[in-house]
Every structure is written in structure tokens, then in C-alpha cells.
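Novice: For chain A, the structure is supplied; the task is to place chain B on it using the hints.
Protein chains in written order, with UniProt numbering: chain A, 1 to 223; chain B, 1 to 417.
Calculated from the structure, these hints are not laboratory results. All C-beta atoms, glycine included, are put in the ideal place defined by N, C-alpha and C. It cannot be assumed that every hint is accurate.
If you want a taste of the chain A side facing chain B, the calculated C-beta under 7 Å gives, among others [said to hold, decoys possible]:
id : residue
1  : V15
2  : A76
3  : G79
Quick list of simulated restraints, FRET-style, between CB atoms [to be verified]:
id : chain 1 : residue 1 : chain 2 : residue 2 : range
4  : A       : R6        : B       : E412      : 21 to 27 Å
5  : A       : T68       : B       : S409      : 15 to 21 Å
6  : A       : V15       : B       : R30       : 20 to 26 Å
7  : B       : V308      : A       : H196      : 54 to 60 Å
8  : B       : Q289      : A       : H137      : 53 to 59 Å
9  : B       : A415      : A       : P205      : 28 to 34 Å
10 : A       : R211      : B       : L33       : 44 to 50 Å
11 : B       : L319      : A       : H196      : 56 to 62 Å
12 : B       : V308      : A       : H137      : 29 to 35 Å
13 : B       : V308      : A       : R6        : 48 to 54 Å
14 : A       : S187      : B       : V308      : 52 to 58 Å
15 : A       : G38       : B       : R28       : 41 to 47 Å
16 : A       : D197      : B       : I304      : 51 to 57 Å
Each chain, written out:
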Amino acid sequence: MIELSRVSKVYPGGVTALDDVSLEIRRGEMVAIAGPSGSGKSTMLNTIGTLDRPTSGTVRVDGHDVATLSDNRLSALRGTGIGFVFQQFHLAANVPALENVADGLLYSGLPRAERRRRARAALERVGLAHRMDHEPHELSGGERQRVAIARAVAGDPPLLLADEPTGALDSASGAGVMELLRELHASGTTVLIITHDPEIAGRLPRQVRMRDGRIVADHAGAA
Amino acid sequence: MAGREEVTPRRAPGPPQAGRDLTPPRLRPRDVLRVGAVGLRTRPLRAFLSALGIAIGIAAMIGVLGISSSSGAELDRQLSALGTNLLTVSSGQTLSGEEAKMPVEAEAMIERIGPVLSVSSVGQVQDAKVYRSEEIPEARTGGISAYAARLDLLDSVGATLRAGTWLNAATHAYPAVVLGSATAERLGVGAVGPDTQVLVGGRRFTVVGVLEPVALAVELDTAALVGWPVAEERLGFDGHPTVLYTRVDERHMDAVRDVLAGTGNPEAPNEVDVSRPSDALAAKQATDQAFTGLLLGVGAVALIVGGVGVANTMVISVLERRGEIGLRRSLGATRGQIRTQFLAESLLLSAIGGVGGVCVGAAVTVGYAAYEEWPSVIPAEATVGGLAATLVIGAVAGLYPAIRAARLSPTEALASP
Chain A
1 MIELSRVSKV
11 YPGGVTALDD
21 VSLEIRRGEM
31 VAIAGPSGSG
41 KSTMLNTIGT
51 LDRPTSGTVR
61 VDGHDVATLS
71 DNRLSALRGT
81 GIGFVFQQFH
91 LAANVPALEN
101 VADGLLYSGL
111 PRAERRRRAR
121 AALERVGLAH
131 RMDHEPHELS
141 GGERQRVAIA
151 RAVAGDPPLL
161 LADEPTGALD
171 SASGAGVMEL
181 LRELHASGTT
191 VLIITHDPEI
201 AGRLPRQVRM
211 RDGRIVADHA
221 GAA
Chain B
1 MAGREEVTPR
11 RAPGPPQAGR
21 DLTPPRLRPR
31 DVLRVGAVGL
41 RTRPLRAFLS
51 ALGIAIGIAA
61 MIGVLGISSS
71 SGAELDRQLS
81 ALGTNLLTVS
91 SGQTLSGEEA
101 KMPVEAEAMI
111 ERIGPVLSVS
121 SVGQVQDAKV
131 YRSEEIPEAR
141 TGGISAYAAR
151 LDLLDSVGAT
161 LRAGTWLNAA
171 THAYPAVVLG
181 SATAERLGVG
191 AVGPDTQVLV
201 GGRRFTVVGV
211 LEPVALAVEL
221 DTAALVGWPV
231 AEERLGFDGH
241 PTVLYTRVDE
251 RHMDAVRDVL
261 AGTGNPEAPN
271 EVDVSRPSDA
281 LAAKQATDQA
291 FTGLLLGVGA
301 VALIVGGVGV
311 ANTMVISVLE
321 RRGEIGLRRS
331 LGATRGQIRT
341 QFLAESLLLS
351 AIGGVGGVCV
361 GAAVTVGYAA
371 YEEWPSVIPA
381 EATVGGLAAT
391 LVIGAVAGLY
401 PAIRAARLSP
411 TEALASP
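Pulled out of the complex, with its shape left as it was, chain A reads as follows:
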């Protein structure tokens, strides 16, 4: 599913965020990428999510060598192959949950009625059937993140990338969101979670620990 081989990312100014990283994640895995801030895990997620290109090395996502794809094709790859979940949710204010989720399918080429139908299904899947017409400010933090997850999975992408999905939530809401991600994994989606929280990482089947742009540990967890 994901194959990083000898990937480095050096930012202008000489900061090395990724230093010769190789990593393979197979289809259907659920992986935590853990590490303190500044360890390069966000850069790793951006690289895997094709939002950023590496300085050197090869990144393959879903069989595509990212380096060979034009910006347009990368966009299409993100649109159909990867779902993103962010710490700050990135929901549009004053827009009902259903529209927020349907907007996630805007670039899929589907007609609007079909987008809304799929959005409805996705919201039901994350347990928000009763909140479809609520706007973000009417929802709790946990519910907002569920809306964001619904948006990420509405197009049924094989890969879900979550960047600190529980970072802005209290522990109860966070646990609920993790439970939801585990359910998505159980239904076949490859899930990659970035977290600085060792406790959350420790409950996932596989943990990749990073420090200073390198992978320092990669082992199966307690789950």
C-alpha cells in the first residue's frame, strides 16, 4: 500500500525532517506513527499523503511512484485513494454536517445528488445519523471529528491518514474516535495514525516510533 524507500526531506534552510527513511505498510494494516514533536512524523504523513514531495528517495502509494505523477494526477490520487483526518477538523463553519461531508466528494466527479447520498451513508457509518443538519458549532469536539472522518471515508478510499485525530479532544471523545477508526480498519481500510501520545500508539497493532527524522522502532503493539 505504502512504500517509502530511502526517503529524505530537507527543508530550505537545511532542516532535515526525514533522514533516509524506509518503511512499508501493507494493505489492511493499522499503524501508529509516534514520536515527539519535531521528530518528522508530520512530514512523513505529508509525504505519504502526497501533499509534499521528498527531496530524495522513492515514495509509492497504492502502486504509484509519486515522483512520476504530475500535480493533477497526484490530486486525483488524493481524491480517490486517500482520506485525510486533521487535528483541527477543517470543517466549514455555518455549513451543515451533511454538506461538509458531501463537499469532500466535490472533486470526485459525482453528481450532487450522489454526493449527498454517499455523505448520508458515511455519516450513518460514523454514528451521526441524527446530526446531519447540524452545523459544526452545534456539535461537540468528538462529533466534529466524526464528521471529518465521515468526509474522509465518504469516497471509500483504501487509505486513511489521520494527523493527531484526538489531539484536540478530551479523553472520552478521543477514545470514541479511536474506536471508530478501529472499526474502519476492521472493515478493510488501511489506517495510519500520527500521534505524540504513546498510550494511543501503544494500543494499535503496529507502532513506528520516530525521533529526529529517523525510525527508531517498528514493532507490533499490544492490540
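Specialist: Chain B in isolation, oriented as in the chain A frame:
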């Protein structure tokens, strides 16, 4: 937009889905509109204000053009109603600067010119001042002149009565007077009737009629018109015409014009002024047109300022919505689609302003024309041109912000709050 090169043949390490088609689908036009309206819906006040800038510019231009076209249409209407074939022959001054007099026979002589259709005349009654009553101090003449008028005067100059009747074969020998529109106003004469009398040359005259303003003979507006015989008998009128109004066959206007002075006053053709009043009206219109050009320039400047406002709004919008841009890129939006979104927003903004401005400008035109009792004309080319100009302005104003939005790297956009 980056080229759409073919995917290079690849080793397929992954499972079957590696063959996924990676051509980004196009946005449907309705979705482009929808996504372009996102900014307008989330910040309606800002959108309204920046559209207002455009609207003011367009409204000013449409209003100026509409009012000037309407007044032009009114002039055309007037001229076609009044006719452009009126030539006025008036006595000027002698070489020594005195008031010249046309011969008494002038009217008859001009009538003999072939293409002259009709001649009528008025003769100023010197020293006959006009007052409302005997109580008015002598110095307050109000700028009103008494004229002896021929009975066919109204047809010749295209004048109409506001009230009462014109002089006729019965009244023109008796102390009856018809007042010009301004004269009636200055004397405070409202109603017409046997009881309404004014003082002309020290005698009481009954007001039998009041004229509407006469476009082709403005001197009649400040006149008090009495019959030719009564003027000669009671007011000491010498019978010399002051102004001759001739209707001429349109095809021979120039030829007639050349001979009018000589015919009217063969002894001193230089003491006669010949003019074509419809020319004067048209010339006044042309002067107004120069002013219209100036106002149009002001409107254009307002429009450009409005465009700058839209550009400003768009730049701020892009800065504020970096997070949204990053999100959309992560959802699969291409650079082109982000650029399209912001360009559509800018075009929508200015189009809303343009349509609003056209409506306001048209309303102003219709209102003003109705107030002036003109036919209202809103030139189609101004409307179409105005809307085209707003779209061009919207495109220019939105281009740079849209390109900036599209160039934003997704990670950078997502990192900003």
C-alpha cells in the same frame, strides 16, 4: 496547470488497485458556481460591500448614459413634433448700434419666396410695459415685452395653449391678451377669464389664454401677445415686425436661408438676423453631451476603484482561507480547480455588482426621465458594455489572488490556522 503526461510504466508492487485511473474529473459548471459562492455565503457583508463598489461605478455610467439618451430622445421627439423647418428672421441692430426696423412689407415679401410654406410674425410694441395692475410700481416691468401677434402665429412656431384660447378675428381688435408661460408666472396669473385683467401699455387687457413654453421661440415665453389691430389702434404700435417665423420646404432650407435677409429688408440686409431655432436646440444638446463625457469618465473611475475593492477582497479571502485551500487540495482539488474557484468567486462578486448597478442605473434613468416627462431610454450597448466591463474587471481583479491560491503548497496551507 501542469501537463498531463502519461503515467510511466510501473512495477506493480501493490495489489490490484494499482491500475486506478488518475485523471482528475472536471468540475461541473454548477459545482464551479457553488464552490465559487462559498466565500460570498460565509462573508456576506464583505461580499456585499465589494460588490457595492462595482455597482456604484456601473450605476453611475448607466445612469449618465441613460439620462443623456433620454434627454436626446426627448429632443428628437420635440423636434419631430415641432419640425426643424422653422427659420426665424429677426431685426438686429443698425451699423450705428440702434435697434433696426424691418419694413412693414417684410412679411408679404418673404411670403413670395417659392419654398416658403407660411410666414407669421410678431412686432414688439415699444414703450408698452406690462403690469399685473395699476398698483405695481412702474420700474417693476418684470422683463415682459408686449408684442403684436398675427393670428397664425401658433401654427408657425408650434406653440400650444396651456389654458384659454388664442386670439381670433373677433378678439384681435379688442383689448385681449395671451400670455407666454413665463409671463403668466411672473404676473401671477393662474386662471383665464373675463375677470383676469393685466395692464398693457397703461390699458387693461383681458387675459384670454396662456401658452405652454415654446421651444422654438423662447422670446414668446416672456411675451404678452395682443392682436395686431388693437396694438396699432390703442398702443401706438408702428406696424414694423420684430420677428418673422417662416416655415420652409425642407429641401430648400439653405437656399431660402441665403435670401431671407435680403428679402425681408432689401435696403439693409445686414440689419437682419436669420436663425434656425432647431439648430440652437441641437447645439445645446451637443454641449450637454460634452458634460456627459465628463460624468462618464467619473463613472469609469468609480468602476476601477470598485475593481480594486474586489481585488482587495479576493487577496484577503485567499489569505484567510489557506486552511480551506489546503483541505480542498487534500480532498483531491487540482491547482486548476482551486484557481477556478477563486476566479469564479471574483467573477460572481463583480457580476452581482454589475447586475445590481445596471438595475440601479436603469431605475435612476427611468425615475429621472419620468420626473422630467421624457421618454426613458436605457441604451442596450451601455448595459451590455457595462456588464462586459464588470466581468473583465472581475477576471483581472481575481486573476492574481486565484493564481496565488493555486500556487499555495498544500502542506503550507494546511499548517496555517
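Novice: Does each hint hold? Answer for all of them.
Specialist: Outcome of the hint check:
no.: 1; hint: V15; verdict: violated, 14 Å
no.: 2; hint: A76; verdict: holds, 4 Å
no.: 3; hint: G79; verdict: holds, 2 Å
no.: 4; hint: R6(A) <-> E412(B): 21 to 27 Å; verdict: holds, 25 Å
no.: 5; hint: T68(A) <-> S409(B): 15 to 21 Å; verdict: holds, 19 Å
no.: 6; hint: V15(A) <-> R30(B): 20 to 26 Å; verdict: violated, 44 Å
no.: 7; hint: V308(B) <-> H196(A): 54 to 60 Å; verdict: violated, 46 Å
no.: 8; hint: Q289(B) <-> H137(A): 53 to 59 Å; verdict: holds, 57 Å
no.: 9; hint: A415(B) <-> P205(A): 28 to 34 Å; verdict: holds, 29 Å
no.: 10; hint: R211(A) <-> L33(B): 44 to 50 Å; verdict: holds, 49 Å
no.: 11; hint: L319(B) <-> H196(A): 56 to 62 Å; verdict: violated, 29 Å
no.: 12; hint: V308(B) <-> H137(A): 29 to 35 Å; verdict: holds, 34 Å
no.: 13; hint: V308(B) <-> R6(A): 48 to 54 Å; verdict: holds, 51 Å
no.: 14; hint: S187(A) <-> V308(B): 52 to 58 Å; verdict: holds, 53 Å
no.: 15; hint: G38(A) <-> R28(B): 41 to 47 Å; verdict: holds, 43 Å
no.: 16; hint: D197(A) <-> I304(B): 51 to 57 Å; verdict: holds, 55 Å
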